[in-house]
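This is what each chain is made of:
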Amino acid sequence: MIEGFTALYIFMLAGFTGYEVIARVPVILHTPLMSGSNFVHGIVLVGAMVAMGHATTDVEKLIGFIGVMLAAGNAVGGYVVTERMLEMFKSSKETK
Amino acid sequence: MDFLIDVSYFVAAALFILGLKRMSSPTTARGGIVWAGVGMLVATVITFATPGMHNYGWMTLAILIGGGLAWYSGKKVAMTDMPQMIAIYNGMGGGAAAAIAAVELMRGTFPSTTFQVLAVIGAMIGSVAFSGSMIAFAKLQGLMKRSLIFPRQQLINLAVFAGMLVMGFLLMGADQPGSFGILVFFALALAFGIMMTLPIGGADMPVVISLYNALTGLAVAFEGFVLGNAAMIIAGTVVGSAGTLLTQLMAKAMNRPISNVLFSGFGSGAEGEAGAGGEQGTMKEIDSTDAAVMMAYADKVIIVPGYGMAVAQAQHKVWELTQLLQERGVTVKFAIHPVAGRMPGHMNVLLAEAGVPYDLIYDLEEINNEFAQADVALVIGANDVVNPAARNNPDSPIYGMPILDADKARNVIVVKRGRGKGFSGIENALFFLDNTRMLYGDGQEVAGKLIAEIKQL
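From first to last, the protein sequence lines are chains D and H.
The opening position of the first sequence corresponds to residue 1 in the working numbering, with each subsequent residue numbered one higher.
The opening position of the second sequence corresponds to residue 1001 in the working numbering, with each subsequent residue numbered one higher.
Watch out, some of these pointers could steer you wrong.
If we take Cβ atoms under 10 Å as the criterion, some of the chain H residues that face chain D in the derived model are [unchecked claim]:
#1 Ala1036
#2 Leu1364
#3 Gln1456
#4 Leu1457
In case anyone wonders, no lab produced these hints; they're calculated from the structure.
Computed from a predicted model, the values in this text were never measured in an experiment.
All C-beta atoms, glycine included, are put in the ideal place defined by N, C-alpha and C.
From just these sequences and the hints, can you work out the full model?
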């Protein structure tokens, strides 16, 4: 378990990291980047799997099942869409 | 095994950050998503080895169903529909975070109250992001045409919000939360997400989607604390702060403070019509032959594409036209307004799909000074983003929004379907200027005609 202040430190540092990574991004990449960050929070899949894996009653299992399904959709869909958008970015040197 | 799991999550978190970093520059962006993808794969596979887990069969089935459907829809969706797909995938993430919280609350064994409090907060945020994103999807997909505004709306929303908070507090303090209370809490949170999104107009949706993206990130981070999973905490928080910044950038580009977007209905039009209905003068037409000559003998042409071009699927023809002009020695540049398309950067994606290299594409700040030296500004499917009223008419609802100074070009050719108003329902002063000529017709047809005419010259 990650307790008290350690958690708070992680939270603070990760917050700054996110801010810095995005801070100087050109407008042309806003949509792909939003889609990319959308993919990254697909990591919720890992949590959904753990929650479902520890579920005991049928109701818990059902909710866990829905959670895993949704999370997998987030991760896979986010990846496919972002990759499709980004593979189109070429400079004129590459196209000629 | 525990050590291997920890190492894998650590590697995944590092890959996410590096991937996002690479995605923030056009030259490395393509690699960035692959890095993040590898991180996700590593984290997912190793999670199967978590000690003490059951239900593997159903779990795999859920992954296959959810992942399969998303794979299929993601591959199939048209580039113009990208924003709503992002909304729906984002909503799924929020829903998953809420589901984790629901399972944990029902099991009711938290190491300390802090964990219980965070689980409830994450559940709240995740649920709102889930149902809100679904409404955003429905609106952009055209399933829901009107902004729903009814009397006392703010008051009712506030009541739902308060109810959600009260139930939330009760759950935070409960020793063993009851199923009924959990049910009511989630119902209220989901309802609030719907109610909050309903009155927001389609034009503001990108900002809202971006906000929900940030919220889902936060929800994931909170549930990460509850499960003691560092990869979720880091990835969720990074997305939360990056998403917040992106939301601010978008709102700034649209000249719409986030509070305005959330608490007033822009699409309702009541404020718009009154101020800007009185544009006078005549619009002067031009036919495609004259327009072709004007562009073929120009030194410099700046193309201002808008969402209308994408709807007409004209971007391939426009790129063909550009290449034709380049062969004749004309300098051609693309000027992209930050909110061209449905969200910042969307137009770049649409142009990239047609094969336009990104170094021909310029941002508002980069190109605005160049319009004065341009012989022709070709405005195709754009409207509000070139409306000079934003610069000089304080009564206009878009006054103060940064615009592309297309009106400063020697000649302006506006390709437009008909004489109607744009997305926001505001009359465009640019269309009535002396140096503006209107070229009526469907974007793709017009571009095709221009290509044919130039080839004949």
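Interface restraint verdict for Leu1457 of chain H against chain D (beta-carbon cut-off 10 Å) = Violated, about 24 Å.
Inset, instruction - Using 10 Å as the Cβ threshold, decide whether Leu1364 of chain H counts as touching chain D. - result: Holds. Min distance 8 Å.
Subject >> Closest C-beta approach of Ala1036 of chain H to chain D relative to 10 Å, hint status >> reply: 6 Å, holds
request  = Using 10 Å as the Cβ threshold, decide whether Gln1456 of chain H counts as touching chain D.
outcome  = 26 Å, violated
Violation of the numbered hints given earlier is confined to hints 3, 4; the remaining hints are satisfied by the structure.
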